[in-house]
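K.L.:
Next come the chains, spelled out residue by residue.
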Amino acid sequence: MKLLKLVPANTNIKFLKLRVPFFVGSVLLIIASWALVFTQGLNYGVDFAGGQEIQATFTQSEEAPIPDLRERIGALDNVGDPVVQRFGEANQVSIRVKLPPEAEGNPEFANQMTSAIVTSLESNYNDIQIDAVNSVSGKVSGEFRQSAVTALLAAMLAVALYIWIRFEWQFGVGALFALFHDVSLTLGMFALFQLEFSLQIIAAILAIIGYSLNDTIVVYDRIRENLKKYRKMQLPELLDLSVNETLARTVMTSLTLLVAMLPLLFFGPASLFGLVAAITAGLFFGTYSSVYLASPILIWLGVTSTSFVPQETAADRQEKIARGEAKSARPIVE
Amino acid sequence: MLDFPVWKRLTLWGLTLLAFIAAVPSLIGPTGLTIPEDVPTPEINLGLDLAGGSHLLLEAKSEDVAAQRLENLEESVRQEMRRAEPRIRIGDISTANDQLSFILDDASDIDRARGLLEPLIEGTVGSTRQWDLSVVDGQRMVLTPTDGGTAQAVDDALESATEVVRRRIDLLGTREPTIIRQGDTRIVVQVPGLEDPEALKELLGKTAQLEFKLVDESALPTNVEAGIAPPGSQIFPWAEGTDREGSSLAVRRLGGIRGDNLTNAQAGVDPETNEDAVSITFDSAGARKFAQLSTENVGKTFAIILDGKVLSAPYFREPILGGAAQISGSFDADSANTLAISLRSGALPVPLEVVEQRTVGPDLGADSIRRGMLAMLIGSLAVITLMIATYGRFGIYATIALVFNIAGLLGIMAIGNFTLTLPGIAGFVLTVGAAVDANVLINERIREERKRGRKVIAAVENGYKEASRAIYDANITNFISGVLLLSFGSGPVRGFAIVLIIGLVTSVFTALLLTRMWVADWLRGKRPSDINI
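So the protein lines, in turn, are chains C and H.
Letter 5 of the first sequence, counting from 1, is numbered 5 in the numbering used here, and no numbers are missing.
Letter 347 of the second sequence, counting from 1, is numbered 347 in the numbering used here, and no numbers are missing.
Just so you know, the hints here were simulated from the structure itself, not pulled from any lab data.
Treat the numbers as computed from the prediction; the structure is a model and nothing was measured.
Possibly wrong hints are sitting among the right ones.
Pairs of lysine-lysine residues, derived as BS3-like cross-links and limited to a Cα-Cα distance of at most 27 angstroms, are as follows [unchecked claim]: (1) Lys465/H to Lys232/C; (2) Lys229/C to Lys455/H; (3) Lys228/C to Lys526/H; (4) Lys465/H to Lys5/C; (5) Lys289/H to Lys2/C; (6) Lys2/C to Lys455/H.
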């Protein structure tokens, strides 16, 4: 049987030749992403903004009466402006209402608002079936925001630290930068398309951090191996070699992840769309950053062929001189 | 490397078999087949977002606990000073700024007063110190709550509030609720299958704090409406639905009794007025206090106050000695029933607010499972096709490993009693895609080693050895971010993290140990001179 070779054997693509333009481009994309996050803002769901979200199905109708819903809920007392959208099938809607400013200091506000809306819906539409209700007070959503930021920062730093311990500090910095790139671009994408940003998306980003790092580690592991093997090789050449050697694996793994996730993106439950979209996009960002960002950074951070060679200390050197094995009294490492 | 002694073999197959058996109930559950009752069947818990049900996060207003505690202290201090022989006269009592302060009329009483306050300050034996006492100008005594004392009071209040919540939910007759304390001031309530939690929220939103207080008849109506209470009194609004809704009433702050000591509460109709009412029965201590209050105040008006709102203000026609009373004023049949349940289950020692609610109907959950399963099936088939097309025999090993991996994941979740949530389904799919990565790494490495001219056995041995370093590193970092995910966010997101973490463990196990064993067996049996990879 002839086996499939996605990547031909012995590729020799000069990835690092274009490292400067790619790096500059990536930095610009990161800046653009943050600019989007700060100007457009993220479309926070109830988890982070507080407020309530109702998913409902109109069981006897072809189509949900969206304008009517918008008007009716908007007219309720003590309820902010609703966002009513189709969610899933044509007769399914999601109704989101963020917390108005007057909810400040009243943890019960979201709950009262939810009760008012549910009561109004059930009394006005005979065929409505409430599928899901999420209501989060300002206090709880504030805590979610806090812990989301903490979890993201902690995850990035913890894995970078691990890489530093297992490899060298340059690799830790490189991995951290690549992760920062992946997280930034994912956030930028959510700001650009104004997709709902919920707790699930933070979960997706943490998963991206994990899987994007897989690629980086595989490439780094090969770089380490090659640094020991080819002492004389120039670093850019060695990095290219390492990336090329692992290219078949990088492509294959990204592909298996992609074909696993895509059906979920298209046929999966509507409430998982954001999470799956974030992971799928993160896959691309992560694969790209492992190849084009994580490796070239090592050149600029001064990784050399001696980075993984056990180095002599001054004392070792003195001992060697005493035994007549070395001539100079100048130690390699102070 | 390719040597597998018998014990290792048995352990590997034993663990695999165990996981498979544990996974069976979860797999045949959805097919509708039934398992005999007496067979122990660990089955995966479905989260509320898949099974349907309501999740409520309740938060206690801890400042109310502190205020209540200060009020109790004031009452105790007054009582102690009055009972002292000779009586210690005090004045200018204030509970402002979260502290109790008062002046002794006679400064020479200071040591006696101190002695009387000692037990109040220290609390019960073994508990932390409850209050700090300081004396200003030799005459004014100031009691401030200690942090430990307040924390203990809040903790006690939450502990009994949790019990009250449990009793109330049991009275509603819902099935298998989960009620647990979370942190210092919160209670999580999860009721599977409850689609409309409005009634539950109504029930939990009532503290059902019933109070009987004397009306301050000296208060000027204009002042009362303006919210100005005479000294020693406080103002309560009339409840919605009463005749005097919208106006307020001044009552004496102290000297009333609380409706904590009830033995029963029943909804019914008052035969005289034909109004919906709740009849209550005090226990003996409550009956004694009520008898004393009514005897001392015959002819005076008193207010029946529920959760800070006045329900009615009748007067004591005669001493009430039997320990039974009737509350009416603003009820319909439903609200009378809710109140009766609340009173029977005891008053909440602290008001609870719903700060988070998540409800999912059963249809949505079932639909999510169906769609998730379908997507996972298609995804798995695609991954398997890709693996076999690329790695041939080694791809088939990876595929069998994937099946064992998923079975192991299901089995561990069932044995560990973990909960599968909606994001957890995404975690399963992600695990399917990522689990083969270890096999990809190994197989690619074997390819490379063959290309460099190594013999089959050496290439396979080297492939496993050289690839495992990166596999371990990659999985450990994934594990780190998974653990951080576990410590973050709400239940559904945690379900995602749990699947990812268990999936990491099972995929390393299946890729590094199981496939290696199979490959080793094949190589030993066939001794091929070339492999197609």
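K.L.:
Each hint: holds or not?
P.N.:
Here is how each hint holds up against the structure:
As the CA atoms of Lys465/H and Lys232/C are separated by approximately 26 angstroms, the hinted pair is consistent with the 27 angstroms bound. Proposed proximity of Lys229/C and Lys455/H is supported: the alpha carbons are some 21 angstroms apart, at most 27 angstroms. For the hint pairing Lys228/C with Lys526/H, the CA-to-CA distance comes to about 36 angstroms; that exceeds 27 angstroms, so the pair is violated. Between Lys465/H and Lys5/C the CA atoms are separated by roughly 23 angstroms; this keeps the pair inside 27 angstroms, and the hint holds.
Taking the CA atoms of Lys289/H and Lys2/C, the gap is about 94 angstroms. The hint is violated against a cut of 27 angstroms. Taken as a hint, the Lys2/C and Lys455/H pair is honoured in the structure, with Cα atoms around 21 angstroms apart against an allowance of 27 angstroms.
The structure does not agree with the numbered hints 3 and 5 stated previously, though it agrees with the rest.
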